[in-house]
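Asker: Read off the chains here:
Protein chains: 2
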Amino acid sequence: MSDHKWVYGFGGGTADGDASLKNLLGGKGANLAEMSSLGLPVPPGFTLSTEVCTKYTQNQRTYPHEVTAQVKFALRAVETHAGKRFGDADNPLLVSVRSGGRASMPGMMDTVLNLGLNSETVEGLAALSGDRRFAFDSYRRFIQMYSDVVLGVDHDLFEEILDEHKDVSGIQLDVELDADDWQKIVVQYLALVEEELGTPFPSNPVDQLWGAIGAVFDSWMNERAKVYRALHDIPVNWGTAVNVQAMVFGNMGPRSATGVAFTRNPSTGERAYYGEFLINAQGEDVVAGIRTPQALTQAAREEMGDTLPSMEEALPVVFAQLTQVFDQLETHYCDMQDIEFTVERDKLWMLQTRSGKRTAKASLKIAVEMVHEGLISQHDAVLRIEPAALDQLLHPTLAAGHTCPILATGLPASPGAATGQVVFSADEAVLLAGRGQSVILVRLETSPDDIHGMHAAGGIVTARGGMTSHAAVVARGMGRPCVCGIGDLLIDEAAKQFTVGGQIVREGDTITIDGSKGHVLAGAAQMEQPELTGEFGTLMGWADAARRMKIRTNAETPQDVQTAKDFGAEGIGLCRTEHMFFGEARIAAMREMILAATKTGRTKALAKILPMQTEDFTEIFRIMGELPCTIRLLDPPLHEFLPHAPEDVRLVAIATGMTVDKLMARAAALVETNPMLGHRGCRLGISYPEIYEMQTRAIFQAQANVKAETGVTANVEIMIPLAATAKELEILKSKISAVAATIEAAQGFAPTYLFGAMIELPRAALCAGELAEFSSFFSFGTNDLTQTTFGLSRDDASSFLHTYMSQGVFEKDPFVSIDESGVGQLIAIATKRSRAARPDVKLGICGEHGGDPASIDFCEAQGLDYVSCSPFRVPIARLAAAQAAMRRNHETA
Amino acid sequence: MSDHKWVYGFGGGTADGDASLKNLLGGKGANLAEMSSLGLPVPPGFTLSTEVCTKYTQNQRTYPHEVTAQVKFALRAVETHAGKRFGDADNPLLVSVRSGGRASMPGMMDTVLNLGLNSETVEGLAALSGDRRFAFDSYRRFIQMYSDVVLGVDHDLFEEILDEHKDVSGIQLDVELDADDWQKIVVQYLALVEEELGTPFPSNPVDQLWGAIGAVFDSWMNERAKVYRALHDIPVNWGTAVNVQAMVFGNMGPRSATGVAFTRNPSTGERAYYGEFLINAQGEDVVAGIRTPQALTQAAREEMGDTLPSMEEALPVVFAQLTQVFDQLETHYCDMQDIEFTVERDKLWMLQTRSGKRTAKASLKIAVEMVHEGLISQHDAVLRIEPAALDQLLHPTLAAGHTCPILATGLPASPGAATGQVVFSADEAVLLAGRGQSVILVRLETSPDDIHGMHAAGGIVTARGGMTSHAAVVARGMGRPCVCGIGDLLIDEAAKQFTVGGQIVREGDTITIDGSKGHVLAGAAQMEQPELTGEFGTLMGWADAARRMKIRTNAETPQDVQTAKDFGAEGIGLCRTEHMFFGEARIAAMREMILAATKTGRTKALAKILPMQTEDFTEIFRIMGELPCTIRLLDPPLHEFLPHAPEDVRLVAIATGMTVDKLMARAAALVETNPMLGHRGCRLGISYPEIYEMQTRAIFQAQANVKAETGVTANVEIMIPLAATAKELEILKSKISAVAATIEAAQGFAPTYLFGAMIELPRAALCAGELAEFSSFFSFGTNDLTQTTFGLSRDDASSFLHTYMSQGVFEKDPFVSIDESGVGQLIAIATKRSRAARPDVKLGICGEHGGDPASIDFCEAQGLDYVSCSPFRVPIARLAAAQAAMRRNHETA
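These protein sequence lines map, in sequence, to chains V and H. The numbering used here numbers the first residue of the first sequence as 1 and each following residue consecutively. The numbering used here numbers the first residue of the second sequence as 1 and each following residue consecutively.
A few of these clues could be false.
[Claimed, not checked] Below, simulated DSS-like cross-link-like pairs (lysine-lysine); rule was C-alpha separation at most 30 angstroms, straight line: (1) V:LYS812 x H:LYS599; (2) H:LYS727 x V:LYS226; (3) H:LYS735 x V:LYS226; (4) H:LYS184 x V:LYS727; (5) H:LYS184 x H:LYS166; (6) H:LYS733 x V:LYS226; (7) H:LYS226 x V:LYS727; (8) V:LYS812 x H:LYS735; (9) H:LYS55 x V:LYS735; (10) V:LYS735 x H:LYS226; (11) H:LYS733 x V:LYS55; (12) H:LYS184 x V:LYS55; (13) V:LYS727 x H:LYS599; (14) H:LYS55 x H:LYS72; (15) H:LYS812 x V:LYS735; (16) H:LYS812 x V:LYS733; (17) H:LYS812 x V:LYS832; (18) V:LYS55 x H:LYS832; (19) V:LYS812 x H:LYS184; (20) V:LYS733 x H:LYS226; (21) V:LYS832 x H:LYS727.
It should be emphasised that the hints constitute simulated quantities derived from the structure, not laboratory data.
Model the full assembly from the supplied sequences, consistent with the hints where possible.
Answerer: What follows is the structure in structure tokens.
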């Protein structure tokens, strides 16, 4: 027998593991061990490590042979700490069996409670607790849960037996059932299981235990878990741990309770205990959202106008112990904790602690305040914010003066506002969102089966459930606004409508929700831009101080340029000049240019566009002042500018004086088999030099204009798209230099600019050393570089991308996160070679990847000078770049 | 003054340079120096090096400052050797000024003869030669040529003066004009130049000399020269040298002559002196093809049935001297020489020698015979054959029993046979060839202006000119069959027809030419396959012995496979299974498969294709025996198989039982924006596994069939197209292995095969180490690899490829010769990494580049295991691979 340790015990003030072993023990197991070592009241138990899960999954659901003995040994220790014996008829130990991975996957996996009960031990429990009704209620709960989770017997069949028993007995509510009722029901339950499976329900507690452990490991590979992992980038090989722990009972009468709490408000970040509890209930009752729970503190109760007493009022002694634990845990972990606890007859038990999920707003507030409290450093604060979560803060909220009537008020479960069409099923949400429509998913309550729909929806509304219900937790994690627990919301799924306050809202009607206030409003309400001050400003200041890379933006309209600058953009990394050609007046001149058969004709049409382009650049330069502006010359194939609809063709024919036939013929001549690989980018610039000459002239004239107007010389970088060879750059550089000379000769104003190129073709990356001879800067166009490196057209990939993701060919969509093993190699090669050839070459990235935190981390590792992204992703990029720099410094140090 | 030497003298038995300085002095200059040192009679002269040309071109047409003095010095030496003085009225030295680059560019550049004449020296020439008519004829030739070449005065204006003078004097032929006539004409010529230019014709010989030197250097950059260089891969930076040489006169009466000769027959390779001469003529008269020249030897005259005496008969003493020179030169250079000579009043002068151009057939015969004669080694013989030239030998010749009547007989100027439509202009030839039609270009004579049309034509016919005329030389160089000098061929360009032997042939009529016999035939004659024995077989045997790489073929029809095997293919490198789907019966089943909405529908249609595919592979395996056969599974996007024409759509709708609308909708759904980068290759194999399963089943079944039939196990390699990731190969490898297991289980026959992939995407090349985990071999698909590395669609590149070539962005078309700096890097990376991961990985190439000698050389340098090319290029690849191996060994040694 090898010495490998698969099972880790805890309880009684000691533990085999600790919080640092999260990868091995899962978050729950590691923190139970940590709490136990801290001397907190943790029911004793043990953890089967994630390595067991991996072995079990790989080896046809069998365990390493040492596991059996280690479990047996650990179980003995639990018996010792608990002072009870597993399967003992007089003094039975009952246990819970729960999953617990490295990353939280709320509600995704299976749990079994009250394990160890059978016809003998139930009597022991009855005697010990002095509550026969409680013992048989626990027994029937166990049978039902175990049968569902481990044996695969449908949950509803048990509900039917229960309902029938109540009907026959004339009883309405479960609480009216007495010990005898439950005992009778238990008999029926056991008979049901034997009938369904052909074998009796397992009565041996050890058999029960192994059945439950296996079922929890199996649930790692169930469909819900797979979807969740895919959505959250959780690798399958992480596995889950299994925690087996002595049961404590929150449902042992009025001095018992169970609850969940946060050490601070996870929605706002405010420093106030926050949570919910239920008297005489088991933990799952709170999370499931079936009973509406009570507030933790008196202040919260009063604020919400609840009538039922808060825990602070109902169980003041235990509450005082609990707040001490809160403070101890927060100081110990230096982070807001999300806690589960149970009170068994006035005795407090801690069942879980973990860093709590929070909204982006709360995340910022907590991080900044903890710095001020001296709990964490600025460095920790910056690293603690998930960059993508900032997205929640950057989008509009309800405008102060909006006039939409409030239809209903529920719990403010996840902040932010959203407008969309009402849908009543997750599938419908996915369908409409796929068509580009914004939807609000309205459900009685949500379950793990709704995950895909919640992801697709712009916002979520539920009739049931509290602030820690499934809907609330998941919506906050996804950054979706959510309103929960609107008690008087009546949903009629068949009629596809809901009624609230006497008003009927039908599927397809537009509503607005305000997740920060818990409001549901009729119609589409006016929104307003977010304020980026306060904690946001403080934290971003710390981030900026740690950041090495510059953040630029991809923008060309004055509005987008201004937005990006307000968000902290330090330059324009990509101004796509072709986007400027689609205005009504311009497209006509552009088409005239394209359709011209001669250079003279083209030059004439370009002369019409010149003043408009000049004005475009003038506006941009005014806004950006001395910040660098990278302007990419015309890139797309000319065919993209031509009309396609017959009516448009007719209008263009009239405008250009061409016959429709001739126009169609010219348009047909421009059609390409693979336009992505066709006559575009600098290939156009070389074939039709007059186009780039016009654009360059406009840029230089704008520079002259702004200089005359403000005295500031715009920081211009002219960028050539789709270069594959040094020669292309040599030719175009000399043409641009000639335009500058002409301007200088004519006006006495000498344009200043850098000349550079995009690297978006594998050849350009491989030959970057040669291209650098002509190029002062390079910007990696990772969209096209990904397309060419994979030989994969983004426009055409949808037909098989799903298959590729589900079969694991792609771990991530390469158009979202840089493919480091392929595309990344080309970036690394180009970086190395261009720097070798031209040490001061400026390097950046301007594809969609420029706003993706994982890709930004890669760019930092490569030592690029900047990333450029869309305006709304600028703050995300600022934070991600800061974190990347910190991690890099940490690695270097 | 620096010591750099720009000017190299020769003559009088010594020389500054020698044959090894060909790059510096050009071929002509280097060989004049060499001949002079050998003691052969070379008129004294000097060479301005190619470096002067480069400096002159780079520095706005100015010379390095030392050049003037060096020319002056060299000219003095020429005067000394010749015993005459430049510009001396009594004893004038006249010179020729000619271009001469590293590579021969016949007729492309300018020449000036008789330079140094003016109103004073002409009298000296008259006195010295004792022939006043000759002197003034020379003078008027000089004025005309110099004015045309240096001063840009139209040649025709001089012809008008001459014609008018003849009309007024009642004279028909030039020979009837006497000294006074020429003197009067000279006066008119000089007046014409002054009138046209506003300044007098330069009378100072030194001015004349610098004018001529500049004009020759300028002609390096003229349009004709640019086109020629582009066609022949001659870099612009090679430059041309200029040779200034004392004039000798072949037109000084009946004991004077001029001629060109080959030391062996350049058409057949036969060891016999071969050439032409003209009595009382200057050298340009022979090359220009205006007078039909006389044979060199008596035997040749008799064979051709000429009446005019051969040189052997007319000038027996000089002929004997000449043949001694021939033998001396061939022994000295160890190669067949192409010689220009002049006889001035019984004195032999050598004006040029160089290795002679020859047909592929002659090339082989000469090389093999020289080995047998002990002149060169087998190694030299193999290296001396231009692989691409073999193409001439591999195509059909006229079948022995063909029945087409002979329309006319001319000179057998370039061997091989061709059939095509008659055209009368180079432009028309280009136009029709561009439409895929085969054409025969018929011209009175050809000039450098016709180059593009000669390239486009399948064969060339001229009415005028001899075996060394422009048409003959160029046609042999290009490998086009050519019949020259059909004296009774009357061309009426206006009516677009020609008449010969009373028959009229119109533009568009089909004729056949036999360039080996000099025949023009009516209609399309039957052709037969070439014999690949004799010298061809001998030389290829030597080549094969030196070769390291294997040569395979890209083929899938039994006929192509057989042809390739006959040509020496050692395996199939690429069997494109999709080509097998286009037969009438198959395309219907293929379309049914594509249009099926379900896997069941697809499987049903595939079941119809299975027996046909099995039969295809069976036939191929029968032919190839134990040679390896790489079979690529389905690659192109499904859309390619669907009908497009409305009538076809209707027929397919009937056949498949779909409505036309539904069929069109399905077809539309399959359309892609960039099909090259779309749902194709192994992406299809992963989305629709049933397709590859059917193909694999067919391959294995065929292997079983052939094994049962012949006892031989086909050497099968299954190749996956368009892989980008290792995971794709992992998935497909396991599916194919499952098919093999099924076959084995059902039939007891265990298929044997290698599993491998194409590397045709940059990512696959970069990640080849990972892909090699699943792949026993890789084949570089350089077509697609070039497309993706450059981001350049081959189908769309035509719109700007011309611009890219002419502006020097591409030195060579990257779809013809591997782009070593870009694509080549990826091949090198993939080779290195795949070998590191799997040392026995088999590596080859199967794009179009597999038949390109330059690319084959690159493959040898990379150490690939084989190249694969189209059947007709197999012998070319064998030879190119042998040469590459020899060069590599040489470099290593």
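Asker: Taking each numbered hint in turn, which are not upheld by the structure, reported in ascending numerical order?
Answerer: 4, 12, 13, 18 and 19
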